[in-house]
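Which chain is which? The protein sequence lines are V and Y, in order.
Using the working numbering, read the first sequence as starting at 49 and increasing by one per residue.
Using the working numbering, read the second sequence as starting at 20 and increasing by one per residue.
I should point out that these hints are in silico values taken from the structure, not numbers from a laboratory.
Since we're looking at a predicted model, the values are computed, not measured.
Beta carbons: idealized from backbone N, C-alpha and C, even for Gly.
Some hints here could point you the wrong way.
To be verified - Pairs of lysine to any residue residues, derived as SDA-like cross-links and limited to a Cα-Cα distance of at most 20 angstroms, are as follows:
no., chain 1, residue 1, chain 2, residue 2
1, Y, Lys364, Y, Leu326
2, V, Lys410, Y, Thr402
3, V, Lys414, Y, Asp346
4, V, Lys379, Y, Gly400
To be verified - Chain V stretches covered by chain Y per the calculated footprint, using a threshold of three residues with CB under 8 angstroms from any CB of chain Y:
no., segment
5, 197 to 208
6, 437 to 449
As the list claims (entries may be wrong) - Reference excerpt, derived from the structure (chain Y facing chain V, CB under 7 angstroms, subset only):
no., residue
7, Ala40
8, Arg279
9, Ala382
10, Leu388
11, Leu391
12, Thr398
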Amino acid sequence: MAVAAKDLTKDYKYGFNDGDEFVFRAERGLSPEVVADISRRKSEPAWMLEFRLKALEHFRQRPMPSWGADLSGIDFDDIYYYVRPAEEQGRTWDEVPEGIKRTFDRLGIPEAERKFLAGVSAQYESEVVYHSIREDLEKLGVLFCDCDTGLRDHPEIFRKYFGTVIPPNDNKFAALNSAVWSGGSFVYVPKGVRVEIPLQAYFRINTESMGQFERTLIIAEEDSFVHYIEGCTAPTYSKDSLHSAVVEIIAMPNAHVRYTTIQNWSNNVYNLVTKRAIAKEHSVVEWIDGNLGSKVTMKYPSIYLMGEGAHGEVLSVAFAGDGQHQDAGAKVIHVAPNTTSTIVSKSVSKGTGRTSYRGHLKVYPKAHNVRSSVRCDALLLDEQARSDTYPYMDVEAQDVQIGHEATVSKVGDEQLFYLQSRGISEQEATAMIVNGFIEPFVKELPMEYALELNRLISLQMEGSVG
Amino acid sequence: MTETAESSQLTREEASTVALAGGDPPWLAALRQAALAAYREAPWPSSTRDEDWRRTPQIDKLDPANFTEPKPVGDGEPPPYLQAALDGQLSSGKVSAVVVSDERGNLQSPLRSDATTPAPAALDLADGLSAEGGVWQSVAGIVAPPGLRKWISLNTVRTRGGACIHVGKGQEPQGYVRLLHGVSQGSASFPRTLIKLEEGASLTLVEEWLSPDADASLLAPVVEVELARGAHLTHVVFQACGDQTVLQSTVRANIGQEARYDVRWNMLGAAWQKSYFEAFMLGEGSDTRLVGLCVGRQRQHYDVQTLQDHVARGAVSDLLYRVAVADRSRSVYAGLIRVEEGAQKTNAYVQNRNLLLSPQAKADSNPTLEILANDVRCTHGSTAGRIDDNQLFYCESRGMGRDQARRLIVEGFFADVVDSFPEGVLRECGRGLVLESLEELARSGALASSSRTA
């Protein structure tokens, strides 16, 4: 290879930082005092403080996972668990502090684009700094706010569902999030309401050694529809940051929820996320999950098909460049009969990057007439790249059709030759093939995200072949 | 569980009482001591701690110390169940050598190579390991190192019967070698088989793992295979253990340059089993085909774990494993394709298909890939489902009864596997065993249980 692969951190255009500006920052490390302090500053009810402290206890007792990616680089005592960037949340863009506004402008969420979205939320460090929702939706009873506001202003709905899909003792990082959560989105779509335009949230870590622990709760009542999109970035520091979110979705009968994530953290973020949805009768839940950034990602969006006729879909793409490990996957649990699911995973490893697909498909004994298909394709671009596939399948019912297929290969010589014989350079041809490889994913994205993703992939591919 | 682990520990004295007829050569005694140390060091496998055992909790309650170990008898007579197998269908083929063992060690081998030339050097374990020349020191405990797993350590410590089969450079013995390993009467048996094929040699080997019904017993064979450049081993395994037997088997093979390793397994017996088939593609251009089938009924539990480890470049490995589970039986399959750094131009495939014949039957399938090279083609596929209604309808519309139709479809499901057995007696025997087991399923009504919709 004539040209060495470029240092990817140089290409990471979101790697700037805007200096540490905050109005409050909790001391480093984790203790009941820090947790209590977060809760007090948020003026939370007593039950939430109790919830947090219990979760902290559980986090301390639970061992680190012995499987998956290498997490030995995380020093839990060297992390800021709560950083408050501004006093008040902005309702209009003008109210957002200048520095933060500049950041989001540089991230490319211009005012014009925001107009086309039904609602926008922007989280900076631990708190949501900007938030808006279209008036007509508000009138229909759609709630879209940060989770802290959800707890404060809509306690009856919030408490009913919070922590019911992912209890604090689910896993070590869900426990951590439950103890120190802050920000995130709270979405409530009333019965019969269809939110035709996506709601969008943007997450940004700015402080070095910062941990972001947003908490998202989406409730879609009967016959409703909502599409929620989130994007994530962080500056490139020498010290590692931690992002550990919890996302809970409840799709009531006949509801349809689509959740799209484009994760583009910088290459020093540990991204350890628990995402789970409960799908009731004839509802549809879709996770569209793109993982490009981070140092290590461990994320397995899951769907519990609890109601008859429910359908789950996970479509994911992972791209691991030098030194990155994307340990991503999907989990679908068929509890009810006549449920169906589809999992499609595409992963690309470049340089010394490593992608792992880790899946779990379970069919309970009473879930008859279940259909599920799992497809994992991996593309390896360089000799040192690595790809793993671990798809667990537990089938306890007889009346099922389960299929799983996985392939791992490199970019086809014939495809390359074909393109090159038409005058396209090897690098461009490879990028085209990679873009074609992830096409099933890209076509599910809103236009601006699809363009951005293609641009990011091209950027990552630069200098990859010589 | 701690108690189980404690009581299954062997004392040094106990270990030293296990030796081959005529005594262990010094290198083997040393290997046994090392294995004993490794055995003591490792905790007993646990379904909650060990990924390998997660779906086979039977291991938690198993204690090898609960099985008796009778005094060795050099060259005893085979008991009736072994004699019946010896005289069975497989004796009608062109058999070049026979080695028989049970819990007491190697038994009289009634049939030695007849007029076939050149004959493979098939010896019982004691004769083989004591022989001059040190052929086996590079195989025993090297292909399957003690300490790798509890069962390999235990086999190394306690083996007193088995076989050593050596085929010299370029030799191609006619017919096949038969190895029969049995266990009975509440005993545990740990047969060890060592196979070494020199450059360009080829051999067909048939192993039978056997035990009588209604006898609680433990059979834990370890097979070590070493194939030199261009060698070709066809290795057929028939597992026809009794319904109270626990089987713990390990087959490991080091495959040299352009060598070919063909494994076929047909496993229909035992109460529960854990079987490892592990192939290491150490030589460029080697070729491995692992093809097998299991039929589960009642509460049988088949746990099969395979490894295709591509160390050298340009090797091919293919695995095809089909399982039908009836009644409350369960299949657990885990298969790893691993491509090591630098093993470019690898072509590897795993296919596991599971047919669920009853609503209470279960099949877990977990094919995995770990790929550390990029210029590869690695694929796996896995399916689970019940008998296809369209196929049933097709058969029934042609006048077949439902039971007959279902039996035919299951038979067809196994056809690819059965047809891959070496032509002749071995294939016929494999087919016969499958048909027999389907016959039994049909008799017990296990095939008749149809879908909920029917």
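Taking the hints in turn, this is what the structure says about them:
1. Lys364/Y / Leu326/Y: holds (18 angstroms)
2. Lys410/V / Thr402/Y: holds (13 angstroms)
3. Lys414/V / Asp346/Y: Holds, because 16 angstroms separates the two Cα atoms, which is no more than 20 angstroms.
4. Lys379/V / Gly400/Y: holds (18 angstroms)
5. 197 to 208: Check failed, 0 qualifying residues.
6. 437 to 449: holds (count 13)
7. Ala40: Interface hint status for Ala40/Y: violated (45 angstroms vs cutoff 7 angstroms).
8. Arg279: violated (24 angstroms)
9. Ala382: holds (5 angstroms)
10. Leu388: Since the shortest Cβ distance to chain V is 4 angstroms, the answer is holds.
11. Leu391: holds (5 angstroms)
12. Thr398: holds (5 angstroms)
Hint compliance for this structure: hints 5, 7 and 8 are not met, and every other hint is.
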